[in-house]
Amino acid sequence: MKRIGPFLLERRLAPPRMAVFGVSALAVVVALLLAALVFWAYGVNPWRAYAEIGRGTLGTVGGLSDVVRRATPLILCGVGLALAFRAQFWNIGAEGQLLAGAVAASGVALFVRVPSPWHLPLMFLAGFGAGAVWGLIPALLRVKLQVNEVISTLMMNYIMAYIVEWLVHGPWKGPTMRGFAYTDMFPVSARLPLVAGTRIHWPTLVIGVAAAFVVAILLARTRLGYEIRVVGQSPDAARYAGINFTAVLVLAMVISGGLAALAGVGEVAGVHWRLRSPAHVSMGYGYTAIIVAWLARGSPVAAVFTALLFGLIFAAGDLMKTTLRLPFQITGVFNGLILFSLISSDLLMYWKVRLAGKEKAWTGQAGS
Amino acid sequence: MAEASRAAVHLRNITKTFPGVVAVDRVTFDLQPGEVHALLGENGAGKTTLMNVLYGLYQPDEGEIWIHGRRVTLRSPRHALAVGIGMVHQHFKLVLPHTVAENVALGLAGTRFWAPARAVARRLRDLGERYGLPVDPDRRVWELSAGEQQRVEILKALIRGAEVLILDEPTSVLTPQEAGELFKVLGRMKAEGHGIIFISHKLDEVLQVADRVTVMRRGQVVGTVRARDTDKATLARMMVGREVVFRLTKTSCSPGEAALLVEDLHARSDRGTPALKGISFALCRGEILGVAGVAGNGQRELVEALTGLRRVEQGRVRVLGVDMTRASARRLADAGVAHVPEERIRMGIVPGLSVEENLILKKHHRPPFCRAGLLQLRAVRAFAGRAIEEYRIMTPSPRTPAKLLSGGNIQKLILARELSGEPALVIAAHPTYGLDVGATEQIREILLRQREEGVGVLLVSEDLEEIMELADRIAVLFRGENMGVVPAGEVTLEEIGLMMAGEKRASAVAGEGR
Chain D
1 MKRIGPFLLE RRLAPPRMAV FGVSALAVVV ALLLAALVFW AYGVNPWRAY
51 AEIGRGTLGT VGGLSDVVRR ATPLILCGVG LALAFRAQFW NIGAEGQLLA
101 GAVAASGVAL FVRVPSPWHL PLMFLAGFGA GAVWGLIPAL LRVKLQVNEV
151 ISTLMMNYIM AYIVEWLVHG PWKGPTMRGF AYTDMFPVSA RLPLVAGTRI
201 HWPTLVIGVA AAFVVAILLA RTRLGYEIRV VGQSPDAARY AGINFTAVLV
251 LAMVISGGLA ALAGVGEVAG VHWRLRSPAH VSMGYGYTAI IVAWLARGSP
301 VAAVFTALLF GLIFAAGDLM KTTLRLPFQI TGVFNGLILF SLISSDLLMY
351 WKVRLAGKEK AWTGQAGS
Chain A
1 MAEASRAAVH LRNITKTFPG VVAVDRVTFD LQPGEVHALL GENGAGKTTL
51 MNVLYGLYQP DEGEIWIHGR RVTLRSPRHA LAVGIGMVHQ HFKLVLPHTV
101 AENVALGLAG TRFWAPARAV ARRLRDLGER YGLPVDPDRR VWELSAGEQQ
151 RVEILKALIR GAEVLILDEP TSVLTPQEAG ELFKVLGRMK AEGHGIIFIS
201 HKLDEVLQVA DRVTVMRRGQ VVGTVRARDT DKATLARMMV GREVVFRLTK
251 TSCSPGEAAL LVEDLHARSD RGTPALKGIS FALCRGEILG VAGVAGNGQR
301 ELVEALTGLR RVEQGRVRVL GVDMTRASAR RLADAGVAHV PEERIRMGIV
351 PGLSVEENLI LKKHHRPPFC RAGLLQLRAV RAFAGRAIEE YRIMTPSPRT
401 PAKLLSGGNI QKLILARELS GEPALVIAAH PTYGLDVGAT EQIREILLRQ
451 REEGVGVLLV SEDLEEIMEL ADRIAVLFRG ENMGVVPAGE VTLEEIGLMM
501 AGEKRASAVA GEGR
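Protein chains in written order, with the working numbering: chain D, 1 to 368; chain A, 1 to 514.
There may be inaccurate statements among the hints.
Said to hold, decoys possible - One-sided and incomplete, this derived list gives chain D residues near chain A with beta-carbon spacing under 10 Å:
hint, residue
1, Glu-227
2, Val-230
3, Ala-238
4, Ile-243
5, Thr-246
What the hints assert, rightly or not - Distance windows between CB atoms, simulated:
hint, chain 1, residue 1, chain 2, residue 2, range
6, D, Arg-11, A, Glu-181, 39 to 45 Å
7, A, Thr-273, D, Arg-221, 43 to 49 Å
8, D, Val-61, A, Ala-372, 42 to 48 Å
9, D, Arg-11, A, Arg-392, 37 to 43 Å
Stated by the list, open to error - Computed, partial: chain D to chain A, Cβ under 7 Å:
hint, residue
10, Trp-47
11, Ala-51
12, Gly-56
13, Ser-234
14, Asp-236
15, Phe-245
16, Thr-322
17, Thr-323
What the hints contain is simulated information worked out from the structure, not anything from laboratory work.
A quick note: this is a predicted structure, and the numbers were derived from the prediction, not measured.
Just so you know, even glycine gets a beta-carbon here, dropped at the ideal spot from N, CA and C.
Produce the complete structure using the sequences and hints provided.
Set out below in structure tokens:
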């Protein structure tokens, strides 16, 4: 037990569910308050800004659909990352895996001729495979050569971004695009259907939500999920129990990378209908998904909801650009502030805080 | 209170609470100059907490500390040293790559800025001679044995002018011979008027070294007695609060076929140096083979090599006649080799998983717990319920994270898991280390029951008494070699001690291992 000012801190080993939820919610609120300072510094009344955002995103069908559209790739990436994080594999590479999926899907859309009902399924399949490979490489580097996955996955993002850049400026540059760095438009058979009156490409959304539940069941009820949790929680216990570390990490990353890639397929087939420069395909969904998974505390189902929250922030960013004339980068500020408060709030979950009152102060920790 | 006013240390009514526990409850304790006063009690009795209060690490909630008739408030160890109280912790606090002199000079008041260790070296030699604590000031600490490192810690306290020395379980890392030398040093310090507080839970050595003994149980003082007016049974009764059976029943060995046959086993340590140099022995079914030795003489490597966690460089390992020399951990586990690991929290359990999930670790991939890749929750629950009941694992629920259990219950969880499904061979490393007497007794009984059921048990332990009580035969490891296998009934503690120090081989029976 520690004393800081008038507060007593008591360590707890396993925070109750409500504490996790409460502390996470508190972190988001603190981040919003900090963001209010940014608005204020820009000369925008923060309360007006939040009111505007609330009305523009949650108050209209168009706004709501935009939230969902933005949330769709975040769900897929977030669920994938939640899985990797449960294995304590710090996959920072969802962005690259997403782009890998976009590239593979675009390749199939533009250059593979199959009966049209098979076109989209094949794109999803190819995308998943490409993302799986992109996720598998850092996993193998880690288990075989002890390469830190934070560095390798991050670097792989740049490699994939430049591959996309090269493709759209070079070999895949669309002859009909009059010099713009796009591929040609996808044929109709390679475009995802939308929910009428909105821009929600619903098949991707359905896949994302289904993936959340499948991954949740995988973690809780299957041998692989059990082994992922053991590997993540205690590598020594995993070794002791004879769990094949390599196989478990590789499988976790194949699924993690594959799911992020499906988000990429959704973006090119549902939003852009072509491959274009990486910043347009993704807008940093792969990075934001890190916060999505973190806020969900590794729970795939919770990631669906946290993804919606960040979908809201992205949609709000669009809105702020148009109605409040703030730069779109404000979403990055939001994301950063939320991640920052989240990481700082972790400490709170493991310490029970209460007012000291008249009790005596304690120092040090229990031991005998 | 005439005696109290002369006292080097007088603790009055000390109380120290931690959340949910009263670790020390109104304890009064005194130490006279020139006296060895033992503090005896089980793990968790509050001995170390009380001494941490005296050493300034904890502030007492209530009570007074008097040193040489003056009331003091000790805010830190530095403060405690200033009034002449030094402490040698159970786990040494030395900088391993530094020399002895550098370690002693570290934080020592009045050392020069340049070459601080040089002046210290001279004083160290003088002090060492005076008290019979020879150490070379220029040796690097990592090169020293545990006994020598302990000497450095004692010298560190003496050079800082400690008149009162607190020794926390000082013999736990020593061979019996080294312990004997330590006791001689304590005698010399006593003669010079130092007061010594000797924390221990070993009855024999307390009776041997102490003038007075204070027994603690659950944070309270049970009583203080003169060592020469008491005996082992009395002290044990005071310590545990009930009669203790010292000898567990042990029937004679009936060696069936060998459960484990090890021939010329070689393995390397983590640093790549040879750690096992040609170990050979046989373990019968229905036998407990104790592996004794001072910590760090190859015990850990032996256990890991036999459980598939460390590469076998050379040699052969057979389990129930089947060659398992380089088998994986999973193959060995599936073949019925149970492993109770030394590091039970880091390796033996997955702290964040529930008790029931921990109970199926290693068996999670096989029926009945797993079919077609799916965990069979009903089978898991049923098994967990039975195991919790049978092994008396105290847990709020089967779904509680294992990390919330106490050390004894974590160990019971591990045993419940490892001994389920009729193992052929049990490899237990320090199975009762750090556990209280109740849990220790229960775990020893469990191991003896395994033996009666015809399981071969390899018991690696630093607790010689435990090995003497449980094992049928004893192998002693020294620097990665087997100094010989001796029948437990025909060997004295002294002989084992000499083997542990590498000074004697059990030549007559050395070949018997084959």
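Status of each hint after checking the structure:
1. Proximity of D:Glu-227 to chain A holds as hinted, the smallest CB-CB distance being about 8 Å (cut-off 10 Å).
2. Proximity of D:Val-230 to chain A holds as hinted, the smallest CB-CB distance being about 5 Å (cut-off 10 Å).
3. Checking D:Ala-238 against chain A: minimum C-beta separation of about 8 Å stays under 10 Å; hint holds.
4. Checking D:Ile-243 against chain A: minimum C-beta separation of about 8 Å stays under 10 Å; hint holds.
5. Annotation: interface hint on D:Thr-246 violated; nearest CB of chain A at approximately 12 Å, more than 10 Å.
6. In this structure the hint that D:Arg-11 and A:Glu-181 lie 39 to 45 Å apart at CB holds, the actual value being about 41 Å.
7. One distance hint, 43 to 49 Å for the beta-carbon pair A:Thr-273 and D:Arg-221, holds here, with the actual separation near 45 Å.
8. D:Val-61 and A:Ala-372 have their C-beta atoms about 45 Å apart, which keeps the hinted 42 to 48 Å range intact.
9. Between D:Arg-11 and A:Arg-392, the C-beta spacing of about 28 Å breaks the proposed range 37 to 43 Å.
10. For D:Trp-47, the suggested interface contact is broken, since its CB lies about 42 Å from the closest CB of chain A, more than 7 Å.
11. The beta carbon of D:Ala-51 is not positioned within 7 Å of any beta carbon in chain A (closest approach about 42 Å), and the interface hint is therefore violated.
12. A hinted interface residue such as D:Gly-56 counts as satisfied when its beta carbon comes closer than 7 Å to some beta carbon of chain A; here the least separation is about 42 Å, so the hint is violated.
13. About 5 Å separates the beta-carbon of D:Ser-234 from the nearest beta-carbon of chain A, less than 7 Å, and the hint is met.
14. The closest approach between the C-beta of D:Asp-236 and any C-beta of chain A is roughly 5 Å, which is under the 7 Å cut-off, so the hint is satisfied.
15. A distance limit of 7 Å between C-beta atoms decides the matter here; for D:Phe-245 the minimum to chain A is near 11 Å, and the interface restraint is violated.
16. Taken as an interface hint, D:Thr-322 does not check out: its beta carbon lies about 46 Å from the nearest beta carbon of chain A, beyond 7 Å.
17. At a threshold of 7 Å, the smallest CB-CB gap from D:Thr-323 to chain A is about 46 Å, leaving the interface hint violated.
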